[in-house]
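Keeping their order, the protein sequence lines are chains X and V. So for the first sequence, full-length UniProt numbering puts the first residue at 1; every next one is plus one. So for the second sequence, full-length UniProt numbering puts the first residue at 1; every next one is plus one.
Read the hints as simulated data drawn from the structure, not as lab findings. Note that the coordinates shown come from a computational prediction; the quantities given were computed from them, not determined experimentally. Just so it is clear, CB atoms sit at the ideal spot from N, CA and C, and this is done for glycine as well. Each hint should be verified, as a subset may be incorrect.
What the hints assert, rightly or not - Quick list of in silico lysine to aspartate or glutamate cross-link-like pairs, EDC-like style, CA-CA up to 20 Å:
#, chain 1, residue 1, chain 2, residue 2
1, V, Lys15, X, Glu122
2, V, Lys15, V, Glu28
3, X, Lys29, X, Glu387
4, V, Lys15, V, Glu72
5, V, Lys15, X, Glu67
6, X, Lys275, X, Asp321
7, X, Lys29, X, Asp39
8, V, Lys15, X, Glu68
9, X, Lys275, X, Asp211
10, X, Lys158, X, Glu90
11, V, Lys15, V, Glu53
12, X, Lys158, V, Asp41
To be verified - Computed Cβ-Cβ distance ranges for the label pairs, DEER-style:
#, chain 1, residue 1, chain 2, residue 2, range
13, V, Ala83, X, Arg93, 50 to 58 Å
14, V, Ala36, X, Cys205, 31 to 39 Å
15, X, Glu25, V, Asp63, 45 to 53 Å
16, X, Val65, V, Gln66, 30 to 38 Å
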Amino acid sequence: MSSQGPRRAVVTGIGVVAPNGTSTEAFWKATQEGVSVLDRVSREGCGHLPLQVAGEVRGFDPGAVIEERYLVQTDRFTHFAMAAAGLALEDARLDAQSHGSPFALGVVTAAGSGGGEFGQRELQRLWGQGSRYVGPYQSIAWFYAASTGQISIRGGFKGPCGVVASDEAGGLDALAHAARNIRRGTDAVVVGAAEAPLAPYSIVCQLGYPDLSASGDPARAYLPFTSEACGFVPAEGGAMLVVEEESAARARGAAVRAVVAGHAATFTGASDWEKSRDGLAQAIRQALEEAQCAPEEVDVVFADALGVPEADRAEALAIADALGAWAGNVPVSAPKTGTGRAYCGAPVLDASAAVLAMEHGLVPPTPNVIDICHDIDLVTTRARPAELRTALVLSRGLMGSNAALVLRAGDGNPS
Amino acid sequence: MTTHLTFDELAALMKSGAGVTVDPKVLEARTEATFADYGLDSLGLLGIVGELENRSGSPMPPDAEQSRTPHEFVGLINSVLTAGA
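When you get a sec, could you build the whole thing from the sequences and use the hints?
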């Protein structure tokens, strides 16, 4: 991802299906206004479970945007991913037919849990009616790689495809993987992550996480970096981006919206948040190095913001460790406090917000959060105008992965 | 469906099991058209075979899900259903 390298990965399209908006425009409006859509869990069959607050994607009709033959063989997490991919491709004005070379187009997604709702339905058939009543699409719908496969089939993308299963931070690792594919010769990659962890079975799988918020108050359930931090709120949805080789993008007249400039990932073990300080700091340093970016060039940080006191402390310290004296000057935002954490989808939503923030010259606020108890300049209450050339996006997973991504502003010009 | 699979029933199974919408008259008229032409993949056909087995209570021939065309499939299924009736 060297800026002098001959093949640079740039962002040319963004597609979002999130709790606070099922289009990129709606997502950015809610994000920059600091709207919180956290609410009581309303999904069928979940009312008796101890998880009370989540970020649900409401008002999303998959049948309006995805053909029925894909719907019957896919889980909700793939519906989100396919819808977001469709929006991103439309945004980038890219399709395999007009591109002319389907083998130059690939797909990469990250997934944390696969298709839980579809799987639950088929398992209920297994135990309720018998094995002969389990449909054959169970074999593919639950699988982590389902979204990559379906996006590839639907769009006719025959280039390098893959799925990254590396914890929540896998959302950033997927972007790095896409950039690597582009360096190796692929023209464009549809890349991102979307999750659907709010079905009964999926929620039960999460109840063992000590980091999950048990609060029943949507306004107080997810308050990272505050003395009231009591865990995180899960969410569904995510985002897909179109990442392209820069000269190919410019040759077809696409606007360069951002440059994927640097990335690094580290691993420090599950639920050992104190150790994530060093892991995250190291990921930041290496990502900056790859981007040939000095700490002083970082204009905004999108924080992981787990909402667990030890994790928040480790992240604030990691930012200080890696950015040095500059850490005191850089605005930090965690817009996910208004939507919840969509596992692998969360850092891709943050990367999308980072591109939009650079384009609009606005650091979005951190909804619901007011009094900070860590030494970071967290933007709260309302968006802060600023000239943003470089954004740093951070992510950590519950199983111990840490990742940092550096995005540089594009020129936004088609040529 | 007890002793005979019609094109109407096959069209309904393609719709319910695999989300593929096809006019049964077209299905019947186009004798050479393949399942792939209609957008039905191999897992979709496997699901239809399973559904037929559950409804009839008897196994379908092991190569039923290998059928290329709806006509081939209907012929094969009916040979079993008729024989078993």
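Checked hints:
{"no.": "1", "hint": "V:Lys15 <-> X:Glu122", "in the structure": "holds (19 Å)"}
{"no.": "2", "hint": "V:Lys15 <-> V:Glu28", "in the structure": "holds (16 Å)"}
{"no.": "3", "hint": "X:Lys29 <-> X:Glu387", "in the structure": "holds (19 Å)"}
{"no.": "4", "hint": "V:Lys15 <-> V:Glu72", "in the structure": "holds (19 Å)"}
{"no.": "5", "hint": "V:Lys15 <-> X:Glu67", "in the structure": "holds (12 Å)"}
{"no.": "6", "hint": "X:Lys275 <-> X:Asp321", "in the structure": "holds (13 Å)"}
{"no.": "7", "hint": "X:Lys29 <-> X:Asp39", "in the structure": "holds (19 Å)"}
{"no.": "8", "hint": "V:Lys15 <-> X:Glu68", "in the structure": "holds (9 Å)"}
{"no.": "9", "hint": "X:Lys275 <-> X:Asp211", "in the structure": "holds (16 Å)"}
{"no.": "10", "hint": "X:Lys158 <-> X:Glu90", "in the structure": "holds (19 Å)"}
{"no.": "11", "hint": "V:Lys15 <-> V:Glu53", "in the structure": "holds (17 Å)"}
{"no.": "12", "hint": "X:Lys158 <-> V:Asp41", "in the structure": "holds (18 Å)"}
{"no.": "13", "hint": "V:Ala83 <-> X:Arg93: 50 to 58 Å", "in the structure": "holds (57 Å)"}
{"no.": "14", "hint": "V:Ala36 <-> X:Cys205: 31 to 39 Å", "in the structure": "holds (37 Å)"}
{"no.": "15", "hint": "X:Glu25 <-> V:Asp63: 45 to 53 Å", "in the structure": "holds (52 Å)"}
{"no.": "16", "hint": "X:Val65 <-> V:Gln66: 30 to 38 Å", "in the structure": "holds (34 Å)"}
No hint from the list above goes unmet by this structure.
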